[in-house]
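Chains as they are written, first to last, in the working numbering: chain V, 1 to 364; chain Z, 1001 to 1398; chain H, 2001 to 2339.
Derived from the structure by calculation, the hints contain no laboratory data. Take these hints with a grain of salt, some might be off.
No more than 20 Å apart at the CA atoms, straight line, and that leaves these computed lysine-lysine pairs for PhoX-like [unchecked claim]:
#1 V/Lys286 <-> V/Lys123
#2 H/Lys2053 <-> V/Lys326
#3 H/Lys2079 <-> H/Lys2057
#4 H/Lys2259 <-> Z/Lys1258
#5 H/Lys2298 <-> H/Lys2259
#6 H/Lys2172 <-> Z/Lys1161
#7 H/Lys2223 <-> H/Lys2254
#8 Z/Lys1161 <-> H/Lys2134
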Amino acid sequence: MNEDYRTTESEKLKPPVTSVGVIGWLKGNLFNSWFNSVLTIVTLYFLWITVPSFIRWAFVDSLWISTGAECHQAGGACWSIIPANIRFILFGFFPYESQWRPLLAMILLVGLLYYSQNRNHWKKSLAYAWILGLFIMGLLMKGGLFGLDSVESTQWGGLPLTLLLSVFGLTAAYPLGVVLALGRQSKMPAIKTVCVIYIELIRGVPLITLLFMSSVVFPLFLPEGITVNKILRAQAAIILFTAAYIAEVVRGGLQGMSKGQYEAAESLGLNYHQTMRLVILPQALKIVIPPTVSILISAFKDTSLVVIIALYDILKTTQSVLSDPKWMGFSAEAYIFIALIYFVCCFSMSNYSRRLEKELDRSL
Amino acid sequence: MPEIGKDKTADSLPEAVPFFNDPAKRAILFQLSAMLIFGLLGYYLITNTLANLERQAIATGLGFLEKESSFEIGESLISYSAADTYARALLVGVLNTLIVSFVGIILTVILGTFIGVARLSTNWLVSRIAAVYIEVFQDIPVLLQLFFWYAIFYELLPSPKEAFNPIAGVFLTNRGLVFAIPEAHPAHKYIAVAFFSGCVLVYLLRRWAKRRQEKTGRLFPVFRVSAGILLGLPVITWWLAGAPIAMDVPVLSGFNFKGGVNISPEFTALLLGLVLYTAAFVAEVVRAGIQSVSHGQTEAAMSMGLKSGQILNLVILPQALRVIIPPLTSQMLNLTKNSSLAVAIGYPDFVSVAGTTINQTGQAMEGIAMMMVVYLFFSLTTSAFMNWYNKKIALVER
Amino acid sequence: MKHLKVSLVAVLAVVMATAGMAVAGTLDDVRAKGFIQAGVNGDLFGFGKPDEKGVWKGLDVDTARAIAAAVFGDANKVKFIPLTAKTRFTALQSGEIDVLTRNCTQTLGRDTALGLDFCQVNYYDGQGFLVPKKLGVKSAKELDGAAVCVLPGTTTELNLADYFRANGMKMKPVVIENTAELAKAFFAGRCDVLTSDASQLASTRSVAPNPKAYIILPEVISKEPLAPAVRHGDNQWKDIVNYSVLAMINAEEKGITSKNVDNMLKSTDPKIQRFLGVSPGNGKALGLDEKFVYNIIKQVGNYGEVFERNVGVNTTLGIERGLNALWTNGGLMYSPPFK
Chain V
1 MNEDYRTTES EKLKPPVTSV GVIGWLKGNL FNSWFNSVLT IVTLYFLWIT
51 VPSFIRWAFV DSLWISTGAE CHQAGGACWS IIPANIRFIL FGFFPYESQW
101 RPLLAMILLV GLLYYSQNRN HWKKSLAYAW ILGLFIMGLL MKGGLFGLDS
151 VESTQWGGLP LTLLLSVFGL TAAYPLGVVL ALGRQSKMPA IKTVCVIYIE
201 LIRGVPLITL LFMSSVVFPL FLPEGITVNK ILRAQAAIIL FTAAYIAEVV
251 RGGLQGMSKG QYEAAESLGL NYHQTMRLVI LPQALKIVIP PTVSILISAF
301 KDTSLVVIIA LYDILKTTQS VLSDPKWMGF SAEAYIFIAL IYFVCCFSMS
351 NYSRRLEKEL DRSL
Chain Z
1001 MPEIGKDKTA DSLPEAVPFF NDPAKRAILF QLSAMLIFGL LGYYLITNTL
1051 ANLERQAIAT GLGFLEKESS FEIGESLISY SAADTYARAL LVGVLNTLIV
1101 SFVGIILTVI LGTFIGVARL STNWLVSRIA AVYIEVFQDI PVLLQLFFWY
1151 AIFYELLPSP KEAFNPIAGV FLTNRGLVFA IPEAHPAHKY IAVAFFSGCV
1201 LVYLLRRWAK RRQEKTGRLF PVFRVSAGIL LGLPVITWWL AGAPIAMDVP
1251 VLSGFNFKGG VNISPEFTAL LLGLVLYTAA FVAEVVRAGI QSVSHGQTEA
1301 AMSMGLKSGQ ILNLVILPQA LRVIIPPLTS QMLNLTKNSS LAVAIGYPDF
1351 VSVAGTTINQ TGQAMEGIAM MMVVYLFFSL TTSAFMNWYN KKIALVER
Chain H
2001 MKHLKVSLVA VLAVVMATAG MAVAGTLDDV RAKGFIQAGV NGDLFGFGKP
2051 DEKGVWKGLD VDTARAIAAA VFGDANKVKF IPLTAKTRFT ALQSGEIDVL
2101 TRNCTQTLGR DTALGLDFCQ VNYYDGQGFL VPKKLGVKSA KELDGAAVCV
2151 LPGTTTELNL ADYFRANGMK MKPVVIENTA ELAKAFFAGR CDVLTSDASQ
2201 LASTRSVAPN PKAYIILPEV ISKEPLAPAV RHGDNQWKDI VNYSVLAMIN
2251 AEEKGITSKN VDNMLKSTDP KIQRFLGVSP GNGKALGLDE KFVYNIIKQV
2301 GNYGEVFERN VGVNTTLGIE RGLNALWTNG GLMYSPPFK
């Protein structure tokens, strides 16, 4: 943002020779006042101390393919822990021979997400593509049809589990969140109270207590003999949690609608149902797309908390590898690796949301 | 929910509208049925739970609170031992959560403001580094960051015997940061009293100065005088009390340092993780707040002859704060809620202590209910306070 | 809004469909499912932990596999569900798992207040202390003021507090939920002492950067009988779990291993004939196949084999049999007769 503003300014000014080129840039951006010069020098010194030693550790003295024992001898980073255990880290307990299936499912998901980025593709056909895609992904993960071996959901783990919990969590939480937001705006006191209590209650407690609830207390709520799979229970907790946050985002969108919209719809003779479905929600939901993406990002990061209830998401599979005597002590390398995975996913999502925000700003 | 609120047209309709088409009555019916469904669901869950507890002979009730906890807690603000009750153990947990959240929030606001301002700096390097910081720390799960910091702490710092001693009385070890504090002395009480009376005095002074300025237009150097009062009163008290300078210096004895104050690595790692993570979000909030005040405002203030401190205090901050406060509140709440991740790195916060209690007593239901109530209480009080503050500064508007 | 309702109904339907029903006795239930669900540790090398291919390994894992072999004649018809110390008992109470084989100490409190029953002990353990040699400590009595690394929510934490109180000593617990993190903190010097069950201490020491620099103190401060647990009140299922473990012990007493079990079928010893189901009776009494013992030994092995394979002296852990030797060798493993 800062640069845009600078370049446009310098274009207008038609600068003298000393203020263009490398020197000019340095002068304009790094040494434009004594304070900034000091700041620049301090920062450069700090980078000088930290960066080279990190590079030596991470790249020069590091081992990329070796055994754990060799790593314990060497002084640098032991990236070997990643290739040696990559399949367990990524796929958990999924049967070793069929791990191409979750891989394919993830590629499909990423492909679909990538395709949906472009707003020109937002048509009905995209919705069908998603339904079909989700079905194929489910089939790949679960199996049991078309000659694929059936794989229990208890064996799902690693990155597919992380993606499943967050993407499915958001998809299922979305309608619930919209209903809650509408309920909170409702004129019926009973409905309104229930929705307000729900939203405030959920937003007031940490996700981890809900996860404990789902793993420790929820089974006691069910009648004798009925059990619900552990992953599904955690998924339910994440959905209930995310829905409260979505409700607040959607409420923001609803409040952003001008009263004229409601009145115009009413004067056309639309009832509540029609007003909401045809007039208000399409506009309100469009406004709230960017904040919804940031909720998706936090849902994606928050799924890492299922570690605490021993679900094997990607953080837990990594920790499991780290508790193996052969690889104990290389936590920095392993954590950096998954931090990178998380970073790439979140960063591309937040970048997308920013771009979308700009586009929507223009089109609205 | 198609039938919600339709009272506007109700009056104009003829009498003979069938019952199910009258919006007002339909709304009541709808609400009644919704309540009925919720009620039945609640009843169903509760009966199931009671039946399960009964059948499996699981203990219930809060009776365990009175029992001896018989487990130790690593750090505590109040005296605690394994011979104390579960209730006291849980109280220790609550206080630990409170202290880490409180300190965390203050540091987060400071660091977040600093980075937010750095992000807007005209220095390319500084602004880039701030941008990278914001992206990286926002996009990595806080739990992962906590694991990382904790590992760094105990892997890099030396053992107590080889403690790193940067200045006299301060020791950095993998058991935490240990530093000297003044030895207990009766004068401390009076110094505290002097400080608080200084606070009251400053408050009165500010009100008086403001009223005088409104009446006469004359400025009073409030800041300098306040600083003088706040520092001077305690110092004078200290001097009058005989200027005690004895220090409680930590000494290495047995396994660890005795004396002084010890800040554990768990606390520091948790604090660091939470602060660095949340500060990235706060920085964005601050940046947006500052950018929301148009540059014309600064220029207008300058042309009125205000000094830069006054511009910040009287023009920019009042406007930026109104944009900043609501999202800042939710970040503070996030920090408090995220402090529950302490359980992963061994800081005895409330969730951790309650978790141990659940394990020892087997009473999960009560334990988790307590966790929820405590966090709900924290959240509601914080947001109530921030709402009050927000309203207070919103009054400045017009 | 209609879509919403439809999708809500769909979600409910999915939940209902995946929710298992388990009202009959556990054995019928397990038979109907076609597999056993066993709760295991997941992080404890030698007892319950997946290898790099995601295959479960360990003493507790093999115990669960023995039960599957007894019930189905196939040791692989078992699904492992990793549980934390917090979630393990609820998982059993709620019926999410059929048997808990997760290095659980049997205590009176747990047996009575948690709605479960403990079965035959599959590992006798005791809590000890691991310290770095350079600390110069020779006895646990010298640990006054130490920082102690300990796993939370376990009997270990209670024993530790009890021991220090009984000896009038002070300590500072460092409580970390995850075994691997805890070990790392200890090696890095975050605490002076690591306390845990002796088996885990051995396992922890074996992975130290320099195992010789650490010693296990002589004091064993507690008794930790680790036993599989089942839901309270299902006696038939409890018997099955009990005798599956005992069958492995008895097989070792009689010198039957997975290698010679086929030859042993031809034995003329009536005790062995009865034991292996050549002469029928035992299986029927438990509601199992007559060959259940044969299946256990053939597919999983006797107790000695299982022990040596997972935790014995030739593994990374290198644990001696000690209390877990047969009673004839000075240990506590003793099986009642199979008749």
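Results of checking the hints against the structure:
For the hint linking V/Lys286 to V/Lys123, the alpha-carbon distance of about 14 Å falls within 20 Å, and the restraint holds. Taking the CA atoms of H/Lys2053 and V/Lys326, the gap is near 15 Å; set against the 20 Å cutoff, the hint holds. Proximity of H/Lys2079 to H/Lys2057 is assessed by CA-CA distance (about 13 Å); at most 20 Å being required, the pair is judged to hold. Distance restraint check for H/Lys2259 and Z/Lys1258: the Cα-Cα separation of roughly 61 Å exceeds the 20 Å cut-off, and the hinted pair is therefore not satisfied.
Proposed proximity of H/Lys2298 and H/Lys2259 is supported: the alpha carbons are some 7 Å apart, at most 20 Å. A threshold of 20 Å between alpha carbons decides the hint, and for H/Lys2172 with Z/Lys1161 the separation of about 17 Å falls inside it, so the pair holds. Distance hint between H/Lys2223 and H/Lys2254 is unfulfilled; the C-alpha atoms sit about 28 Å from each other, more than 20 Å. Among the hinted pairs, Z/Lys1161 with H/Lys2134 is consistent with the structure: their alpha-carbon atoms are about 12 Å apart, no more than 20 Å.
Hints 4, 7 from the list above are not met by this structure, while the remaining hints are.
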